[in-house]
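S.K.: Based on the sequences and whatever the hints tell you, model everything.
Listed in order, the protein sequences are those of chains V and E. This note's numbering numbers the first residue of the first sequence as 1 and each following residue consecutively. This note's numbering numbers the first residue of the second sequence as 1 and each following residue consecutively.
Hints are supplied without guarantee of correctness; some may be wrong.
Where chain V lies over chain E, by a calculated footprint (3+ residues, C-beta under 8 Å) [what the hints assert, rightly or not]: (1) 9-18; (2) 86-98; (3) 122-132; (4) 135-143.
Per label pair, the in silico range of CB-to-CB distance [stated by the list, open to error]: (5) V:A42 to E:V121: 42 to 48 Å; (6) E:A60 to V:Q293: 37 to 43 Å; (7) V:D146 to E:E106: 30 to 36 Å.
Keep in mind that the hints were calculated from the coordinates and are not lab data. Beta carbons are placed, not taken as given, at the ideal position from N, Cα and C, and that holds for glycine.
What follows is each chain in one-letter form.
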Amino acid sequence: MSRPALDRVGEQAIDWMVALRAATPDDALLQRVRQWLQQDPAHQQAWNRLEQRLGQPLAALHGLNQRAPGQAAEARRLLLQPTRSRREVLGAMASLGLFGSALWGGWRSDTAQGWLADLHTARGERRSFTLSDGSRLSLNSASAVDVQFDAGQRLLVLRHGELQIQVARDRQRPLRVRTAQGQVQALGTRFLVSQEDAATRVVVLQHSVRVSLVDGQSTELQQGQAALLQGHHIERLTDEQQQRAAWLEGRLEVLDQPLHSVIDALRPYQRGYIRLAPAARDLRVQGVFALDQPLQALAALAEALPIKVEHFGPWLMLIDLKTA
Amino acid sequence: MDSTSTRKLGFFFSDHHRWLLQHIHKRLRNHADAEDTAAETFCQMLGARVDPDSIQQPRAYLTVIARRLIFDRHRRRQLEQAYLEHLARLPEAVAPSVEEQLLLIEALVTIDQVLDGLPAVVKATFLYSQLDGMNYADIAVKLQISERSVSRYMKQALRQCYLSEMQP
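M.R.: Shown next, in the form of structure tokens:
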């Protein structure tokens, strides 16, 4: 694809920027830049365009650097790590058969993992199972669990998705749910575990559980309490979380959440790909939606929010801010 | 974009979607990734306002876009993992929240995409200036190049910034 040529004003803006970055600029230089900017609105526009592209990303990295000096340099180091050309990378990965395995493992290999797991649900399917000990396990849409029960333990490995379990009492064999971030041990109870992108969400519906991270940190959660398990950190959630179990009744209840998390909850129920524009991610949403009618839910969202939902055949949907 | 061309693109994609998916699937060997990439390919065409009638060799065209996306995906994942591992080692008092982590990764990926394809020394010049806040004289010493080259490389990198399209 050809790139547009650089216009004269753009060229000038770049020259000024190069001059400004050379060293700490003196007043005379600043004065000249200011004059140039005021000469013509087109000058200011070109300047903004130049700053816009990387202004925010750079500011984000500088922000962290202020708190933790040396972090900007670390970002630089990562960005300068040599990358091989596209062709090389593609060739190398294909020949090693790496696609779809380790390298891509955590990304979106839900489908592949689903077929390998002991219990799994398809997109749009919810199912309940009675386990050999009498516990009742419910899986939300597109979820997968391995069951490892033996004489000494009851272990469920949540590969992806979301589960709710009503634990049968067994003093000899504690029941644990393991996720990518850690584990949840039942202390005679009903609770919800959800494997999210880089975290595990735990909501206690009855009695209590003990949650622990891979690194050993742990804490107890009582009925009504909830937490997010992250790499090295257990974050207690203070806002209301009980409504997250509403999927058991086929509902999605949203008290006050950003649109992206609502779309994420609908994704497992909608075939095809839903793409949410960054500008619309953080719109706040409230309401109750039927999980089994994701299209209806999306239509309702489109009515309540300043968004437009475009369908392109059954496999792609674009959600963006409505343009005035 | 008017509805006729949107519809035309819709047809174009239903014509080629199956083939594209199979093609990507051969490379990714993972259905969900392949689906995402196929959809993303379409989004790129939408974003670029391509008229499907002007494409003479649809399969070749789609292959080029899809290849680039597969590469970007791999590169993004690499950067993301390396950076997350690094952030996880920060002392808790200064460690970024999950939300901030997302923002930082987004920032890193954006910069990476904008600078993609520039020679390493040009990238280094730009990053020493913009991230480390070094002046040209210091950068020249650091990279063992002349100050004139530093200016030239800065210009080259800024040119690419200026011309790079904002991602949808």
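S.K.: It remains to establish, for every hint, whether it holds in the given structure.
M.R.: Outcome of the hint check:
1. 9-18: holds (count 5)
2. 86-98: holds (count 9)
3. 122-132: holds (count 8)
4. 135-143: holds (count 3)
5. V:A42 to E:V121: 42 to 48 Å: Distance hint for A42 (chain V), V121 (chain E) is violated at roughly 32 Å.
6. E:A60 to V:Q293: 37 to 43 Å: 40 Å, holds
7. V:D146 to E:E106: 30 to 36 Å: 33 Å, holds
Hint violations for this structure: number 5 only, all remaining hints satisfied.
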